[in-house]
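What follows is each chain in one-letter form.
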Amino acid sequence: MPGLVHVTTTINGNQTDFLCEPRQSLLECLRDVVGMTGSKEGCNDGNCGACTVNLDGRIVTSCLVLGVEAQGAEVNTIEGVASADGLHPIQQAFLENAALQCGICTPGFIVAAKALLEAEPDADEARIRHWLAGNLCRCTGYDKIVRAVIDAGERMRA
Amino acid sequence: MTTPNQVLSEVEYDVIGKRPVRPDGVDKVTGRAQYGVDLELTGLLHARVLRSPHAHARIKAIDTSKAEALAGVRAIVTAADLPFAALSREDLGNDYNRFKFLSDNFLASDKALYRGHAIAAVAADNAHIAESALALIDVDYEVLEPVVDVRAAMQDGSPLLHDDLIHTSAMGEISDKPSNVASYMKFEKGETAAGFANSDVIVEREFTTASVHQGYIEPHNATAHWRADGQINVWCSTQGAFVVRANTADVLRVDVSDVRVTPMEIGGGFGGKVSFYLEPVAALLSRKAGAPVKVLMSRTEVFEGSGPAPGSWMRVKMGANSAGKITAAEIELAFEAGAYPGSPVMQGATCAFACYELENGTVSGYDVLVNKPKTAAYRAPGSPQAAFGVEQVVDELCQKLGVDPVEFRLNNAVTEGSRKVEGPVFQKIGLVECLEAARNHEHYRTPLEGPNRGRGIASGFWMNRGFHSSVNMTVNPDGTVNLIEGSVDIGGSRASIAQQAAETLGISYEDIKPQVVDTDSIGYTMVTGGSRTTFATGWAAILAAEDVKGQMVERAASIWDVPSEDVEYDSGVVRHKSQELSFTFKELARQLYTTGGGITGTASLDPTGEGNSFGVHLVDVEVDPETGKTEILRYTAIQDAGKAVHPSYVEGQIQGGAVQGIGWALNEEYYFSDNGQMMNSSFLDYRMPTSLDLPMIDTVIVEVANPGHPYGVRGVGEVPIVPPLAAVANAVGHATDQRLTNLPITPGSVLEARL
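For the protein sequence lines, the chains are A and B, in the order given. For the first sequence, our numbering assigns the number 248 to the initial residue and increments by one for each residue that follows. For the second sequence, our numbering assigns the number 12 to the initial residue and increments by one for each residue that follows.
Chain B with its partners taken away, still in its complex shape:
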C-alpha cells in the first residue's frame, strides 16, 4: 500500500519547486558520462595496491626486488617514498598527528593498523601484470594482537594501536598511561540527577551497532600525472576536489598550486568519498615511471581499505513524569575511530537529544582506536547510532506511560528558541510540522492488523552545514548562461543549483548550462557533503546571478545613456523605471559583445544560516516467527526541506537514506574473525538491500522555510538516514514483544531474543 508523495508547500516559485530533467541526465542514461575509471590517457599505466593481510603488525622490512624484475613493471612505491614517513614526533612536533597519520594511511610506514592497510603499490603496463607483481613483494611482518571491538579497546591491557601518544584514560581523565581512547568530551545542561529524581518513569539501556560501509557502487579510483615541469594533474572520484588538492599537496610536500584536481563523475559517496586513499600514491608512481598512472580498488579493497562508519556502544537513560514530559536524559557513547583518531562521536552526542526539549541533560562520548580502517563520514555521521538508542528509549517511555509515541514527541518537541545540551539555540525549525504530518498521515491513521506485525516510529536530526562555495556565470550571446561550479554532482545538484540561478535571473531552467570544473578553474569550494551543496553552492549561484543582473542593468543604462539608478531588473527583463525602454534578457545578451563586452558574474561565500533538518519515519514490519526474518511492509518518511528546490531529488535523497538505514538496521555489518579479518568483504556477504527487499518508500516533504537562505532552502541529504535504525527496531520490538538493542537485527538475533 502506498500513498502519493506529498509536498506541503509554503511558497510557490517559477522554477524552484519544479521537476525538470537534470542537465547531465542524457549522458548518464546512455553510458557516456565520464567516471574516473573511464579516463584514457596516452601512455597510461595501471596500478594496484598491496595491502596488509594482518589487522595489526609491525612492518620490519619490505623487499620489492623480485617485483621490480617482472617484465612490464614500471614503478613501485612504499612509504619510503613519502616525505613524512621517516619523520619522528620530535621532527614534526605538534604537526606529527596531522601529517604523519595522513601520510601513514596512504602507505603504512612502521605499522599496519588494519587488514587492508596499504603497504606498497605497483604500476605496470596493465593491471594483470601489476597484480602479479604484488604477489612478488616480500613483506616481513611481526604480527601483533589486534583489537576490533570498541569496549575491548577501552579496557586496561588492550593491545595499543599507537603506544606512544594517547593519554586519555577510559574514564575520560587525562593520564600519562597510554590507551586507545583518543579523546573524550562531555556537555551538561541543568541538573541531570535532580531531573531523574523528579521523574515517574525511567528507562535505561545499553545498545551496540556494527561497523557498516557507505556502499557506493563505484570503487575508489584515481589517475595522476606528475609532469616533468612539476605540475601534478589528478583525476578522481571525490566529493571534494579541493580537499584532494590540499591534502595531496600536504602529504607530498609540494605547493598547492602544483596540484590540479579534476573531479570526474562520481558513482556515489555518502560521505565516504570525502576521504581519499589513492591520489598521492598514483602521483608518486607517476613521478617514478614518468607516465600517467591509474589506480583503482577492487570491491574487497573498498570494504577493507575505505570507510566504514563506526561501530558503537552506548548507554542511554531517560526519565519522564506522568504528564508525559521528559525530566532528564543522559547518553554515554563510545565510537570506533578505526586506526587513527577522528570518529564522529561529538556529532553523535550533540544530535542525540536534539529532537527533545530538555531542561536537564548530559551527553558524553569517547573516540576509540581499533584495528579497523580509519572511520569515514557516512550520511549524518554519528547521528543514526545515537538515534538508534535514544528513539528506542523514548518508545519504551511511551509504552510505560501508555501514551501515543507521536503525541509524546510533540509534547516534548524542540521549537524556535529551544537550547540544545551543548549550547546552540534553535532558529526556525520544522520538527513539530513533521510530527503533525506524521500524525495526520493516512499511514499512521490506518491501524496495523495481523499477527507478528509491528509499527515503529522515530525522529531524527542533523544540523547541516554551510561552508565555502564559488560560482562563475557567463552570459552567452544567445541568452543562455554558463554556470561554472566546483561542487561535484552526486545526486542532481547541477539541476538544483541551475534552478536557483534561473529563478534569480527570471529566465528558463533550460537556459542555464551548469558545468563542474577542476580546482584551477573555479574558486574555493568545499565538499559535496554535509547537506550543504544545494544550500551553499545554490546561494553562490544566486549571488553570481545578482552580479549578472547588476551588470545587465549597467549595460542597459549605458546603451540608453541614462543613469543606472533609473533602470531596474525584473523577472528577466531590464527596463527603464519611467520611460518605455526595455530589453529582455535574450535581447540584451545578443548585444553584449558590441556594447562593451561580455558579462561574467561571480560569487564566493561562506554562509551561515544553514538551518537544521528534522525527519520522522513510520514503518510497518512483519517478523516471520519461524525464521526471524523481518519484512518491511510499508514505509513513510517525512522531512522538513525548508524549500524543496527539485522535489524529485529531495524525495530521492529521503528514499535513498531511508533504505540505507533499513540495511543498517536489518542486514549490514562488518563481520570480523577473532584475529581482525573481515569475513564478508563482498556484496554477496555484505548484504545491502535489493529491490526485492523493499516496498515503495512514501515521502512527505514539509516546507518550513529556512530564514537563513534566500529561497528558504535547508539541506536534505543526511537526516533521512537517522530515524530508520530506531524506527525499524521499534517496529520489530512491537512485533515480537522484545527490545532489540544490537544492530543488525538479523533473523538469528530475533530468534535468540525470543528464547
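With the rest of the complex left out, here is chain A:
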C-alpha cells in the first residue's frame, strides 16, 4: 500500500486539502475523497469528456490528471458554475433549450462550454462544434446542446 500524499489546492475558489494515493486520478479524488460527485466517469480514459474540469484555465479530462497534480492549482468544477445568485446563463440555456436528456454528460459539456464562451462569447456553430468534439453525448444528437451554447453566448453578451 503506497503512502498517502497531502495535496493543497483551490477548488471553486476555496482552499481545499486532501490526502490521496499517488495513483489516484483527480476525478477519483474529487468524487471519492473530496465528495464532489458532479464530475462524472464515463470511460476513465479521456475519450468521453464527462469528467471535464477546468485546471488553471484549461479544460482537462480529470480522469487523465493525477490528484497530486492539483497541488497549488486552481480547479473549477461543475459545482462552482452556479452561484448563490442562481444558475449561470449556460445552465439556464441548457434547461430552456432542453439540451439534456439523461444528464450524465451535462456537467462536462457545461464546464467545457463555459471555458469557450468566457474566451469567445460570440463563438459560432462551427466553433462550438469543434470545441465540444471532446465531449460525447449519446442522447441528444448534439443539436439542442449546440443551440443552447449559442443561446448562452447571446445571454452572456447581453
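Check the hints yourself; a few may be wrong.
[What the hints assert, rightly or not] Calculated lysine to aspartate or glutamate pairs in the EDC-like style (CA-CA distance at most 20 Å, straight line):
no., chain 1, residue 1, chain 2, residue 2
1, B, Lys328, B, Glu368
2, B, Lys29, A, Glu343
3, B, Lys328, B, Asp211
4, B, Lys524, A, Glu343
5, B, Lys336, B, Glu215
6, B, Lys122, B, Asp136
Think of the hints as simulated: they come from the structure by calculation, not from any bench.
Position chain B relative to chain A; hints supplied.
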C-alpha cells in the same frame, strides 16, 4: 442549411404541447443529481468483476485463495454462490433455460461463452484493492474454438455454444441434431411466388450489419445491502426497477418482497439497461461481507460484458409492377442472439415490411447463438437492421422504375385497415402524413447539387408498447400535487407525465411535483422502454388525476351539504351546477385536512391502444472520392408523434435516435479478431458520432392523434433509429453509384466498392 423545427398540430391544449423546464433539470445542470455511483453508504465496500479473457472456454477450476489472502479483501463470489449454478437440466426441467441461463449470465458456471463473461467478483475496502485481487484469482480454462459470425454459426460443424439443448437446424426444421439456431419463425400472407410472377421488376440482395453498442455514457453500476434480517436493498442504474426486483429475487431464490430496488438517476439506456448484470452479484458479496457493496463496470466491461444490439445477415427480395405497386416481398433474417437465446429477430421480421401495403409477402427469421454477450434491447430492437435491407431494395426498385422514392412510398403506404404479413390490422396511423410532410418539405424540394453528393430517403416503423404503469397523486394543502411514479426518467418523462396530470386537473404544470420512487413505494410499473412511458405512465397519471377530481367533487359536495351529482369539476374549479358555489383547486386543497382528510388519487393500468409510430428521414451526403469518407450535409427527420406532449423532448428523441442511426450506418461496429476478441473496446476505437461530425438535425413532428390514448399520444423514442441506416446508405449509394450492403459504411468499404 436548416429550417426551424415544425410541429404540425391537430389539437391544442393548455399544458400539453408546451415546452416547460423539466422538474429534475436544475439538479442535472448543477451536478447534484444522484446517479448510482454517486451513492455513499456507511461502511460501503467496492467491488470489481473478473471476466473471461476467452470467447469460448470450459471453466475447469477457480482458485480464489491467493486473492482472499490479500489485505483489504472482504468477500469473493463465483457461480458456486448462486443457487441455480449447480442444478442440472434434470433438476430444473422446463425451467432450466429460464433460470440457469439467467444465473449463468451473472456469473458463468460451466462455460465462459464470450470474452467479458463474468467469472468471479471481489469486494474490498477500495476499488484498487479489488482490482489487485482479481489478478490473484486463478482460473483453469479449457479454451474452445469460438464462433462470432451469424452465418458461420449456422453451418454444420460450427462450434456449439450449448451442445445439449438446441434442436433447430439451419433450415428451420426441428431435428435431433444440436445447432446454434435457437429458434426459427415464419409468417406468410397471400401468394408470394405468384406475386413475384406478376411483377415487372424484381430486386434481390443480401445485407449484413455489425454488432453495435447502445453507447450510454454512464456505465452499469449497482449497490446492494443484504441486511441481517434478510432484506436486500438495491440501488442501481436501470430502465426497470421492477424487472431488477423480479429477476434478482429469482436468481437468488428469495421472495420478491425481500428485494427493494431504488432506481437512481440513469445516465442513458436506449434499451441496454433493461438488461442487468451486477445487482445479484453485489447482493451476494454484501451477504458474505456483511456490509453494503458497490460494483461498477469500466467502459471496456460495458462493451465486452453488456449489450450489444445483434449483428445480422438478411436477404431481401421485392417485386413491383410498372404501375409502381409492390406485388410481392420476401425477407429472410438471421440475427445474432449472443451467448443465450433471445435476439429481436421476430421484431425485425414483423417490422420489415410494415410501411408497405402488401398482398403477398413472406417473412422468416433465425435466432442464432454466437460467442458474444447476450444481445440486449437497443431502441426499436430489430427494426433498424430490417429497414437497412428493405429500404435499400425499395430505393433500387424506384431507380429501376424511374419513379420518385416518396411518390412510390405514398403509392404503397399502409393506412388504417391495412393488414401486416403476420396478421395485425393497423388502426389510425400517420405514415401517409409523414410522407406528405417529406414531399412538401423545403429540404426535399431543394435540388441537391454538386459532385459526389447524394440524397437518401427511408421510412421506418415501430409498433410501440403499452404495459403496466402506476401513479399515486397526493394533494398538498398549498394546492400542489405530489405525483409518485415508478418510471425511471431517462429523457424528460417527469415533465411529459406531469404535463398530462396538469392538463387533466386543469392546474399549472409547476404545481405538479413528480418523483420516481423505489419498488416498495409504488405499484407495479414496467420498464422505461418500448416507447411506452409517456403513453402508459402518462395515462396512469390521467387516471389518478381523474380519481383526485372525483374525490374533490365529493368533498365539495360534503362541505356544501349537497348531492355530489350536483357538483362538477371543470378546468381546475369545483362548482355547483346550479348554485353560485365554487372552489378553485387551491381553495379546496387548503381545506382538505379539516374537512375529512387528505386526498390521494391512484391508478394502475395495463393499457392497449398504444398506436404505432412511423418516421421518414431525408439525408444529403457528400463522399470524398479520395478517402471514401462520408460527410452528412443535411438531415431532416419527420415523425408522427400522435400528440407531442413536450415537443422539445420529442425532437430530442428524434434527433438522438437519428444520430445513433448515423453512427450505426457510418462508424460503429464491434471489431472482432479471429479468436473472438473485441479489438476496439474503448470510445476512442468504437467511434460514436461527435458534435463535429454532424449538422443540425431538423425535425417535423406530425400529429395524427392516436385514438387509443386520451390525449392522442403515441410513443416516440424508438422509431427514429429505424430509417437512418438505410437513408444514409441510399444517399451514399446515389453519391457513388454503388449499393453499400454491409454496415458500417466505412471509408474503406466505400473505396473498395468503387474498385
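Here is what the structure says about each hint:
Note on B/Lys328 and B/Glu368: the hinted pairing holds, with a Cα-Cα distance of about 15 Å set against a maximum of 20 Å. At most 20 Å may separate the alpha-carbon atoms for a hinted pair to count; B/Lys29 and A/Glu343 meet this at roughly 12 Å. With a CA separation close to 13 Å, the supplied pair B/Lys328 and B/Asp211 stays within the 20 Å bound. A hinted pair counts as satisfied when its Cα atoms are at most 20 Å apart, and B/Lys524 with A/Glu343 qualifies at roughly 18 Å.
With a CA separation close to 17 Å, the supplied pair B/Lys336 and B/Glu215 stays within the 20 Å bound. For the proposed pair B/Lys122 and B/Asp136, the alpha carbon gap of about 30 Å is over 20 Å, so the pair is violated.
The earlier numbered hint that this structure contradicts is number 6, and it is the only one.
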